[in-house]
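S.K.: Chain by chain, the residues:
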Amino acid sequence: DVKVTQSSRYLVKRTGEKVFLECVQDMDHENMFWYRQDPGLGLRLIYFSYDVKMKEKGDIPEGYSVSREKKERFSLILESASTNQTSMYLCASRGNRGRNTGELFFGEGSRLTVL
Amino acid sequence: AQSVTQLDSQVPVFEEAPVELRCNYSSSVSVYLFWYVQYPNQGLQLLLKYLSGSTLVKGINGFEAEFNKSQTSFHLRKPSVHISDTAEYFCAVTSTGGFKTIFGAGTRLFVKA
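So the protein lines, in turn, are chains Y and G. Residues 1 to 115 in the numbering used here are what the first sequence spells out, letter by letter. Residues 116 to 228 in the numbering used here are what the second sequence spells out, letter by letter.
The hints are simulated quantities; they were obtained by calculation from the structure and are not laboratory data. Certain hints may be false.
Claimed, not checked - Calculated pairs, DSS-like style, for lysine-lysine (alpha carbon to alpha carbon, straight line, at most 25 Å): (1) Lys53(Y) x Lys70(Y); (2) Lys57(Y) x Lys71(Y); (3) Lys164(G) x Lys3(Y); (4) Lys71(Y) x Lys18(Y); (5) Lys164(G) x Lys184(G); (6) Lys70(Y) x Lys57(Y); (7) Lys227(G) x Lys3(Y); (8) Lys70(Y) x Lys215(G); (9) Lys215(G) x Lys184(G); (10) Lys173(G) x Lys57(Y); (11) Lys184(G) x Lys55(Y); (12) Lys71(Y) x Lys53(Y); (13) Lys71(Y) x Lys3(Y); (14) Lys184(G) x Lys173(G); (15) Lys13(Y) x Lys71(Y); (16) Lys215(G) x Lys173(G); (17) Lys184(G) x Lys227(G); (18) Lys53(Y) x Lys215(G); (19) Lys55(Y) x Lys18(Y); (20) Lys215(G) x Lys3(Y); (21) Lys53(Y) x Lys3(Y); (22) Lys57(Y) x Lys18(Y); (23) Lys215(G) x Lys71(Y); (24) Lys55(Y) x Lys70(Y).
To be verified - Beyond 12 Å from chain Y on every Cβ pair, some chain G residues (computed): (25) Leu148; (26) Leu166; (27) Ser195.
All values derive from a computational prediction rather than experimental measurement. Don't be surprised by glycine CBs; every beta carbon is placed ideally from N, CA and C.
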């Protein structure tokens, strides 16, 4: 059974703290993504990675950075958390092999509250 | 660039009634189309997808969707809903060969007894 695992389901942090959100996939997928989900806005892409050590900005990268040192792991970093980063964060992965159908596989989400 | 518009933010419906969730998209290139479902406190899971071929696509849990190229729509339908279908539904597009998937704002389906 395919699996994308996010390290923390719920986090509460204070303004200015550094926050790490980790995501691990066991499907040997090349592509990994971080989305942010807010009510009425759907999912917005923060960053994605198509290979180890490669990263590309999505639509809302400001205030975030990412790290992909190993193929199976993709980390989202908030260098200095702010209250407007309170949100649900979703990690997803997608393979490249054979026909790329574009289907994303999601983790269960990390709900971050910044006080 | 692509965009996705889900025309209804909330859809209340009685159990065993039919339902249609509407989705329009815009794109200057060929796309793949998807519907995902999100149950409370969970991530998204794929409901169905259109890649090519038959414009009527069947998915899990009795859902189906029809791709209409001329109207750039991909509406989701179910002939008879259950309480367990209460969830948020997202329409999404990915350009063929592209990396990014663009999501609509979501439609909350409430099924009432």
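S.K.: Now look at each hint and say whether the structure bears it out.
M.R.: Here is what the structure says about each hint:
no.	hint	result
1	Lys53(Y) x Lys70(Y)	holds (8 Å)
2	Lys57(Y) x Lys71(Y)	holds (18 Å)
3	Lys164(G) x Lys3(Y)	holds (20 Å)
4	Lys71(Y) x Lys18(Y)	holds (24 Å)
5	Lys164(G) x Lys184(G)	holds (15 Å)
6	Lys70(Y) x Lys57(Y)	holds (19 Å)
7	Lys227(G) x Lys3(Y)	violated (32 Å)
8	Lys70(Y) x Lys215(G)	holds (21 Å)
9	Lys215(G) x Lys184(G)	holds (21 Å)
10	Lys173(G) x Lys57(Y)	violated (34 Å)
11	Lys184(G) x Lys55(Y)	violated (33 Å)
12	Lys71(Y) x Lys53(Y)	holds (9 Å)
13	Lys71(Y) x Lys3(Y)	holds (14 Å)
14	Lys184(G) x Lys173(G)	holds (17 Å)
15	Lys13(Y) x Lys71(Y)	violated (28 Å)
16	Lys215(G) x Lys173(G)	holds (24 Å)
17	Lys184(G) x Lys227(G)	violated (33 Å)
18	Lys53(Y) x Lys215(G)	holds (18 Å)
19	Lys55(Y) x Lys18(Y)	holds (20 Å)
20	Lys215(G) x Lys3(Y)	holds (20 Å)
21	Lys53(Y) x Lys3(Y)	holds (22 Å)
22	Lys57(Y) x Lys18(Y)	holds (20 Å)
23	Lys215(G) x Lys71(Y)	holds (19 Å)
24	Lys55(Y) x Lys70(Y)	holds (12 Å)
25	Leu148	violated (9 Å)
26	Leu166	violated (6 Å)
27	Ser195	holds (27 Å)
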